[in-house]
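Below are the chains, spelled out letter by letter.
2 protein chains.
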Amino acid sequence: MQNFKSPVRDTKFVMNELLGFEQHYAELGFEDASPDMVEAIFNEAAKFTDNVLAPINAIGDQQGCKWEDGDVTTPDGFKEAYQKYVEGGWPSMAHPEEFGGQALPYSLSASIAEWFSGANHSWAMYPGLSQGCMETLKAHGTSEQKARFLPALISGEWTGTMCLTEPHCGSDLGMLKTKAEPNQDGSYKLTGTKIFISAGEHDMSENIIHIVLARLPDAPQGTKGISLFIVPKFNVDDDGSKTDRNAVHCGSIEHKMGIKGSATCVINFDSAKGYLIGEPNRGLNCMFTFMNMARIGTGLEGLAGTEAAFQGALAYAKDRLQFRSLTGKKNPDGPADPIIVHPDVRRMLLTQKAFREGNRALAIYCMKLVDQGLYGSDEQQKHLAEAKLALLTPIVKAFLTETAQETTSYGMQVYGGHGYIAEWGMEQLARDTRICTMYEGTTGIQAIDLLARKVLGSNGELLKVFGQEIRTYCQSLRDKQQFNAWANAVESHLDEWLQLTADIGKQAARNPDEVGAAAVDYLMYSGYVTVGYLWLKMAVVAQEKIDSGSNEVDFYQAKLQTAAFYFDRLLTRTRSLVSAMQSGADNLMSMDESLFLVD
Amino acid sequence: MQNFKSPVRDTKFVMNELLGFEQHYAELGFEDASPDMVEAIFNEAAKFTDNVLAPINAIGDQQGCKWEDGDVTTPDGFKEAYQKYVEGGWPSMAHPEEFGGQALPYSLSASIAEWFSGANHSWAMYPGLSQGCMETLKAHGTSEQKARFLPALISGEWTGTMCLTEPHCGSDLGMLKTKAEPNQDGSYKLTGTKIFISAGEHDMSENIIHIVLARLPDAPQGTKGISLFIVPKFNVDDDGSKTDRNAVHCGSIEHKMGIKGSATCVINFDSAKGYLIGEPNRGLNCMFTFMNMARIGTGLEGLAGTEAAFQGALAYAKDRLQFRSLTGKKNPDGPADPIIVHPDVRRMLLTQKAFREGNRALAIYCMKLVDQGLYGSDEQQKHLAEAKLALLTPIVKAFLTETAQETTSYGMQVYGGHGYIAEWGMEQLARDTRICTMYEGTTGIQAIDLLARKVLGSNGELLKVFGQEIRTYCQSLRDKQQFNAWANAVESHLDEWLQLTADIGKQAARNPDEVGAAAVDYLMYSGYVTVGYLWLKMAVVAQEKIDSGSNEVDFYQAKLQTAAFYFDRLLTRTRSLVSAMQSGADNLMSMDESLFLVD
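Line by line, the protein sequences are chains S and P. The first sequence: position 41 = 41 (this note's numbering), numbered continuously. The second sequence: position 30 = 30 (this note's numbering), numbered continuously.
No wet-lab data here; the hints were simulated from the structure. Every residue, glycine too, gets a C-beta built ideally from N, C-alpha and C. Heads up, a few of these hints could be off.
Derived EDC-like pairs (lysine to aspartate or glutamate); straight-line CA-CA distance at most 20 Å [as the list claims (entries may be wrong)]:
hint: 1; chain 1: S; residue 1: 12; chain 2: P; residue 2: 599
hint: 2; chain 1: S; residue 1: 330; chain 2: P; residue 2: 592
hint: 3; chain 1: P; residue 1: 329; chain 2: S; residue 2: 586
hint: 4; chain 1: S; residue 1: 545; chain 2: P; residue 2: 599
hint: 5; chain 1: S; residue 1: 318; chain 2: P; residue 2: 172
hint: 6; chain 1: S; residue 1: 5; chain 2: S; residue 2: 333
hint: 7; chain 1: P; residue 1: 242; chain 2: P; residue 2: 157
Just so you have them, the derived chain P footprint on chain S, three or more residues with Cβ under 8 Å [said to hold, decoys possible]:
hint: 8; stretch: 163-176
hint: 9; stretch: 308-315
hint: 10; stretch: 377-391
hint: 11; stretch: 427-437
Starting from the given sequences, assemble the full structure and let the hints guide the process.
Structure below.
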């Protein structure tokens, strides 16, 4: 099995060379996040990732989690790795000093989270969910709630979860039934069953803080009657000490295709004690803060799968000898050539590489926007960042996870039959990564969020804002002849994007189903164009580095050639997406439901 | 979990209404295969499939096979199901009466094999491999060998395997090392290790007959020095009786992503006794007979995955309530509408349905060609059938299995997070079906076979032959205005197909890597056009049935609407494939191998 290596160099390329993070951090007042400090943190993170998390990834899959009498045991090594994570101070990076945090920017923590997932998707979910819980507390908790729950979460002593889904409602949270009835003391009594609760129960931390969606008595029906609650596994004193066991228990864990080291729990609340967080009936709105970060986080898991699949496939493609190159022996002393000489193997590797690097650029671009929204003081910049982020969040979630299905599948395919065998690790990657297009809002849900809520819902304004950035950049390249073709490709895609949007908007006015009929293709189209824009920028930076005499010519040359591949073979996928979108809703909706039969 | 239902009606539609099998069987002299007899066989086969094989599918996945001391135990119920299969006479369907067979046509047996796989991919592999062994014996064995080995195989008392792969060689069989040294008595002594031997060892049958590729002493290097041998697990008397144990043993079984009920064995030959079959050093040529059928068989497994995924997704889409239709409530008395009202869910279901039916038409079209090649007496028709089959075999193998990756993935996606949970069965389907693009020649290998060997290797002749059939049909529709747009789409694709072929041929003359660079996109393109041609034919037949007052209007109306979906949303995928093909080999080959780095 190929060892995982954290993509430190490529992450630094995107942050420092492509997106100007040194200036970005300086502008936001993160003096501690100097390039030297970032470098040091990255090196430590890579050590932890590559040496602690990666070696227990296969074990996690083989052993899975075990449930007994409401307790969940994580696979061998998971608990010890979590302890090292806590000792290394990783949980506290991007949290306020007031509660024991290190007050470093979100983007630093998030870029490392990608590596954690690449090395061990299952393990990384425990701290990942905990971060979601902390962000919700930070954004919506009272000072008293923050003081009571945050310190032990930030130190990593406790972990947290997000409890949304119920058996009869996943995407459609308006249907949820869990009840919260007021107690005399201002707390609430929660009753109901939640499913698919990642990290809902485990043996890594001393307490688990659940963030739970539930209904107050007499709350309005639907999404406008949902409130948010804090429900600890062990009750917590005013001073933040753990006390007696609360009536919240893990009823069972799911048997899943992958991420077997991650406990996916049924959580039963039996008059469990909880605390309202945020305004009554505004729970879903509070959730959206968390959801945006969680969606970027899920996009990162997709990216991480792509990274790991690329690493595995590349190692095998250089090692496995099979057939000769059609243009003459490349390994004349061996019995055959390494399979990387074959064009179709390269097609798969370059697809992985182009998504690995292009998608990372998109993810970190979004992290920069999150930073600006969280920490910025320039109101205009904040507003602009939030607008772009609103547009890009569903794209980063769905595009990075959909493309990861292809890249992790190629991870297996490059290995031929060996890719199907557990010992090489590639099939685990494909299984683990498969969840990413489903949880945290399916691709279909992201696509509706993008097209209906964000793009059409803003009357095209959000797209216009981002489009302007793309157009300005493309036009700034007019005198760089080398890049004219690619810049023209990106700009003409932008024109087409705007036109498609207008067309769909017009059709949707007549028939609302036109939105749903176009949405997923529209999202994928948007992803290809956005990543195309970033590949253009990466290519320009790479050429500048070569021209200025960099001693890393190979690194930058590979960027230029991968960009060429992207423009030739991946951006052109938009052609079929456009055809599909333009075909309209009739071919989907006109068939009567009764004609859908097994016959 | 959704029960599996054999697609009897749809199979009969393709055979009887689309492809004229009644006349086809009559022409080939299969008087026993009358429509009534076919109907009766299908009904019995569906009972066996749906009631015996489907119920043990999940058990097979949960338990897997167990290896101990060289013996392999199959999951609970597998052995009993095999016994019923034997008692039902299924193994003997398409074999000569001389050896106990029923002398029915190959196509009947193959079309049922699809259902077996749909209900239980793992189980179906045991009889599937056995059929491969029998076909090889029938095609290349001496009369003595046939008399000795065939009767017990045909009755199902024994099973068979195909032993090709070795640890260092999968696709590139020229590198294989297993030795065969002559004994005094005319037999051979085989020594070597084979891997990935499906059904290589198990507890279902009394003896296992291995067909083994090996090298004679002083055989030429490479593919021209490979011979074919029969190596029984238990030696066999001249009269066909089982005697003592041969020196062939199962060293271990693989731990795989899926098809866990299928034993994937390492088989060690330690001076095992074997018999040469066919001419010395012509083993690979003998293999090709088997390989063509095996490739259609693998295509059928992909189709079977599509079928089962469609059945599962459809049931859930009609049952699961989530959100309201954007065009008004469709289930006003319920808390939400069934998700089949949402356009994107329909997009996934219709993609499955279009491939389920279009791909089945292609598979059965190929079976008809196999029948003509095997049983035909009209030399010109035989020649034509063989030409078309040569072209279509790599397409049916790769296109049906690649599209199955999408359809089985949609099977999960329609379920949302529930798709990832074992109990619904959809994730097992995706795992089981994943192997199909890898074994029996990867998609990359099929693509080279199609473009290099079949199309360019025949100077375009094979494509011209098949293209003529398509053109003639499209032109015959000129006065059916309803179908003009679709017929024009198919015919203009045919023109483009021929042009692309000529262009690639020209470029390949300058740079042989151009073939590999275009091959997979070319194969997928070919698949979309071929299935488009068959959808056109199906639509025309459906309209004729409606016009002639059929009482199955719903069935035919669904065909017409699914055709519309195919032409609008699937055939148009050729646009991006063409762009990719036309981009040439440089974007794959110009990057130096040393620039492929993890950084």
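Tested hints:
| no. | hint | verdict |
| --- | --- | --- |
| 1 | S/12 / P/599 | holds, 10 Å |
| 2 | S/330 / P/592 | holds, 12 Å |
| 3 | P/329 / S/586 | holds, 18 Å |
| 4 | S/545 / P/599 | holds, 17 Å |
| 5 | S/318 / P/172 | holds, 16 Å |
| 6 | S/5 / S/333 | violated, 30 Å |
| 7 | P/242 / P/157 | holds, 11 Å |
| 8 | 163-176 | holds (count 7) |
| 9 | 308-315 | holds (count 3) |
| 10 | 377-391 | violated (count 0) |
| 11 | 427-437 | holds (count 6) |
Checked against the numbered hints given earlier, the structure breaks hints 6, 10 and satisfies all the rest.
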